[in-house]
Each structure stands twice: as C-alpha cells, then as structure tokens.
Amino acid sequence: MIRSLAVLLLSASLAACGTVFQRASDTVTVGGLLRVNTAGSEPWNRFTPDGSKHREIWTRHGLPLDTLTFFVAVKDGEPLDDLAEKSDKAPHFRARMSAEDVVALTETMLVGRGGHFELAKLEPAPFAGHDGFRFTFDYVTRAEEVPRRGLGSGAIIDRRLYLILFLAPSGLYFDEGARNARILIEGTHVAATPR
Amino acid sequence: MRATLSGWLLALCTLALGAICSGARADFAVPAPFERPDAISNEGGLWALMDREESRLRHSPFVLRDQALNDYVRGIVCRLAGDRCGEIRVYLVRTPYFNASMAPNGTLQIWTGLLLRAANEAQLAAVIGHEIGHFKQHHTVERLADARSTSAMAQFVDIALGAIGIGKLGRITQLGVLASHFAFSRDNESEADMIGLELMHAAGYDPMEAARVWEQLIAEGEDDYGGGLALFATHPTPSSRHERLAVQARRLRNDAASGEIHAQRYHEAIASLRPQMVQDELRRRVPDSSLRLFERLIRYQGEDGLLLYARAAALSARDGEGDAERALAVLDASSGRADRPAEADRLRAHLLRRNGDTRSAREAFTRYLERAPDAPDAPMIRHYVNTL
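Protein chains in written order, with the numbering used here: chain A, 1 to 195; chain B, 1 to 388.
If you are wondering where the hints come from, they were derived from the structure by calculation, not from laboratory data. A virtual CB, placed ideally from N, CA and C, is assigned to each residue, including glycine.
Some chain A residues well away from chain B (every beta-carbon gap over 10 angstroms; in silico):
no.: 1; residue: T27
no.: 2; residue: T29
no.: 3; residue: P49
no.: 4; residue: E78
no.: 5; residue: I157
Covered stretches of chain A (in silico footprint by chain B; criterion: 3 or more residues with CB under 8 angstroms from a CB of chain B, positions within the stretch not fixed):
no.: 6; region: 107 to 113
no.: 7; region: 119 to 132
no.: 8; region: 138 to 145
Excised from the complex, chain A in its bound form (with noise of 0.2 angstroms):
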C-alpha cells in the first residue's frame, strides 16, 4: 500500500516538474532546429522543462546525477537561464560575446549565488559545423557542496546562441557521461533557422 502510494506520489511529481521522460532516439530534433545523432551513445531520457523558451535537457541516470542541456538558439537579450527566478536578474545573451562572456553566463547560471567554479580549458572548437568554442570546468554549488564537472560546447549562428552543457559529479559520473555527451555534441547539426 506505501510502495502503491510512493510510486503514484512519484509519479506525479515528475509529471508536475516537466513532460513526460523518454528515450532518446537514433537522430533526434531538439528544439525544433537541432538534429542529434545518438548512434553509438548509450541511451538517454528526454525531459523538457515547463516554461523554458529554448532549453531541453536529457539525462541518462536521473536529473540529480547527469545533466546534457541543450540551449537552442538563444535570442539576442534573452537570459540565457530562462527558468530562473525573475527576482534572481539572471543575466542576458548579447549576440555580440565572446567566448569567454557565454562560459560567465554559465558560471553565473552555476555558482552566482556563491561556489566555486574554475575553468579548466576554453579552447576554439567547430560545433555544429560552425567556427565555435568548448570548454570544461569544475564547479561546487553552495546547496549540495558536491564537487561537479561540466563541459560545454557551442557557438553563435546568426546572432543566436546555441550551446550544449553536460554536468556530472566528477569521477565515475562525469567520465562516463562526458564520453556519451561528446559523441552527441559531434553528431550535432543544425537542421533549420528560427523564425
């Protein structure tokens, strides 16, 4: 009866918090403009985030331990964290950052309520077959003070950012996952321009 009742609070808390999870597919459309070639990636789990006007996230473990978030054209002064709270100002793309502005986006998006955030490499990298940019960090948030690792990758076509952020707590977690985000990251294209 607890187990019943545990499974169907379960359930509905996930629902609450977004659409339903589901596999991912061999080439998957994100945000209506990316293609993704999951071919040779381990499965993941698809999760939109309620009210989010350009990020999808998947997982493959559970939201708590891997995150690949996918930023889907960006506009030019839009937050790039649109789900934060209003009162939190998060701070605005601008189509003309560099490299080095969109990874402070990320920090700030990460750790500017307080952490520790140091960046390991920023380095020029094509994405998406456009000049672009990747970089890696490790970072602790004050709210679990779990020692994490990211790696990002984007670049910004036509004045609009599109970036692809794989989080994981450093070691078995980040590892692993980071393997599976990069074979994604390299079988992304962008198959449409925003309207």
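Position chain B relative to chain A; hints supplied.
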C-alpha cells in the same frame, strides 16, 4: 568615561527612548552564560540540530582556512565579547552576500560579502557586536524555549527558508537561518543594536560606523541591498535604522573620544582575500549594485588596479549605452598599474575588438598571454591573436 551597559540603558531610557527600552530593568546586568538544554527536551533536540549543522559547516569547502585572517577576526570577536569569547566559534564563509549570524550554541558565521563591504574594522565590529548582542541577551534561547515542538519548529524554519529563497542559497546558510530565525523581534533588534554599539564603544571603536554600515548597504541598491537581502529577511531593517543608530552613536561619542576605525589594519588583513571576493561579486552579475559597491570602495580605499578592473568589468557586464566606452576609459586610466590583474588586459582586448580596433585588440590579447601564459583560456586567446 565610558558608560557601562546598565548606565547607558538607563540614560537612553531617560532620553525618551522608553519604547525601545521598555524591557530593560534598572538593575540590568549582562546575563550569565546559559546552560545547554537537556538533551531529551525539545529544546535539546533543536540544539543537537545546530551542533550537527555546525559539524557540517566545519567541513564545508566554503569555510576559509586562512589562519591569519581567522585569527584577525577572532581578535575582533574577543575584543567585543570579552569573557564570553571562549563560547564563540568563528567561521568565515565564502559567500558573496552581506550577512553574519550567531547560533545560540556559539557558532558565528561571517560571510565574505560582509568582509568585502565593510569599509573598516569598526564596521565589521558593528555587525559582529550586533550578533553578540543577540547572543549575550539569549534572544535565540528565549525563542528556543518558546518552541513547543520540533514539528512546529521545523515549520517555523521552513517558513524562514522560503522567505529568503534559501533553497537556492543552500545548506551552508541553514545554521545561520536557524540561528537568526529564533529572534529578531523589533525589540530584540533594537536591544542588539544598542548592545553592539556599547560593545564597539567599550572596545575602542567609533560607534558611528554602525550607522554607516546600514547607510552604505541601503545606498548600494534599492532592490538588492548588495546581496544583503538574506540578512534583511531576518533582520527587519527600516531605512530609519541607520538614523536611529547614528543618534545613539552620537550620544556615546559625547561620552568619550570618538574611537578608532582601523581602516588600514582592516585592509591589510583582508588583502589576500580581495581578488576572490571581487571575483565572487562580479560573478553575481548584478552590475548596477556592484558598480555602486566598487565606486564606494574606490572612494574609501583609493584607486587600485583590482578595483578599477572590477569597475570596468561591471560596466562591461551591464552593457548599457556608453558602458563599453566607459569601461575602456577606466581600463586605460589604470594602464601600467602593477596591481592590475591580467584579466584587465583581456577585457580591454575584447572591448577594443568590439570597436573594430583589431591591432590594439591583438596587442592587448598578447599582453594578457604574456602575463598569464598558462591561463585556461589561453588557447582561445591565441586563436583570437592568430585570426584577428
């Protein structure tokens, strides 16, 4: 001649501050250290909760381990707390908000956002003195005794956490909220303010700095308060508070020499921490209030390479009309300063690049690489140099 606390309270009462002092007794004396509640009582259980939170805090990666800085702050605490110093354990916590809190078990948290914002040692002493005031008067313990059940207290704490969005601030703040939540009725606040002033005065600090702390924080931002919202959520602080403190401080000053502010000593003590604190403030990306803060620090402490860079970075982050030009002007004015961080060259390069001055941008990027050849973004910067 310095007033004793009892004499001062009486004097204040006679100065028509009866409303504030209605709880003060003519035979007032500093309360004795309190006994730890019985472990099997509800209060004892809550006390154990605080001990557990302190244990977590002790191992937190956000607690600063710098021995010299810890010794310095502990020295201030002991000058203020006197013979109660031994009951207080100080934790300096890396958090970019203005806050300090004291739990009834003697755990004193001081956040780095406060260290960055205090203009001098006297201002830090003012905030610590206020917290010691709550501690000495057993405000938190009084409220503990009012808690009739742990579930009621848990609800109480949940409300407090929600009130300041603590879910996002995280675990590290919980002890502070647990502590601060137990007290802080207006009477408690006024009493703690007065005790804090008295302790400052007795320790030889200028009590006027207590009023200036609040004045500065309010001036920093109408809706952000320099990250002080967490403090204000548990310390109701009307804008008139600093005026009331100023009135009381002036009365104390009339009684003796004005006291010291120890600005130089303070700046030397926090010098090694400043780059990190400035970076944490910039990372908040609230450029309007950060700009007001940096400009005030420049006014008080004088220009230096770090603060000028911080000012330029905040202008660049705000990115309003003319901000890029203003940021460039600030960076140009700080050119040649040995204490200007390498990041200033990188920021200048980006601003020049945006202006289309590729030659100067390349030179500035090159200078950044000369100063920080192993920086994690060096591969990206080399790419700019090669493709500009």
